[in-house]
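Undergrad: Sequence:
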Amino acid sequence: MVGVENTLLDAYTKCGEVGLSRKLFDEMTEKDVVSWNSMIAVYAQIGLSIDAFKVFHGMLKDGGACAHKGALRVGMCLHDQVTKMGFVSNVIVGTSIIDM
1 MVGVENTLLD AYTKCGEVGL SRKLFDEMTE KDVVSWNSMI AVYAQIGLSI DAFKVFHGML
61 KDGGACAHKG ALRVGMCLHD QVTKMGFVSN VIVGTSIIDM
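Following full-length UniProt numbering, the numbering of the sequence shown begins with 1 at its first residue and continues without gaps.
Since the hints were derived computationally from the structure, they do not count as laboratory data. You may find that some hints are simply not true.
[Stated by the list, open to error] Listed below are the simulated DMTMM-like cross-link pairs for lysine to aspartate or glutamate, each with C-alpha atoms no more than 25 Å apart in a straight line:
#1 K31 to E17
#2 K61 to D32
#3 K84 to D62
#4 K84 to E17
#5 K31 to E5
#6 K23 to D80
#7 K23 to D51
#8 K23 to D10
#9 K54 to E30
#10 K31 to D51
#11 K84 to E27
#12 K61 to D26
#13 K61 to D51
#14 K61 to D10
#15 K54 to E27
#16 K14 to E27
#17 K14 to E30
#18 K14 to D51
#19 K84 to E30
#20 K61 to E5
#21 K23 to E5
#22 K14 to D26
#23 K54 to D26
#24 K54 to D32
#25 K61 to E30
#26 K84 to D51
#27 K31 to D10
#28 K31 to D62
[What the hints assert, rightly or not] Label-pair distances were calculated between CB atoms; the ranges are:
#29 D62 to L8: 33 to 43 Å
#30 Q81 to E27: 17 to 27 Å
#31 G47 to L20: 15 to 25 Å
These numbers were taken from a predicted model, which means no experiment stands behind them. From the three backbone atoms N, C-alpha and C, an ideal C-beta is built for every residue, glycine too.
Using the sequences provided together with the hints, build the complete structure.
TA: Structure (structure tokens):
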């Protein structure tokens, strides 16, 4: 179900429907790394940094994706590779890494 909800979240965002994106996000019973990062990116892209930070804080309270799933080593390897490839300064990639 989370995959379908993430697709809808992306569609609402692309249509400029930030309110609908947030409503769907809030109603999601399960959120994954894509859900969290999508909502953070929505707010960051339109200059609502406080809202982006609030979502980020909520993500931290909910638990990181890799740590939560017991995949800390995988997350650390991914972080290492992203850093070596020079993608860590990319906002979307950087946000995903922070989530881990």
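Undergrad: Starting from the hint list further up, note which numbers the structure goes against and sort them upward.
TA: 3, 4, 6, 11, 19, 26, 29 and 30
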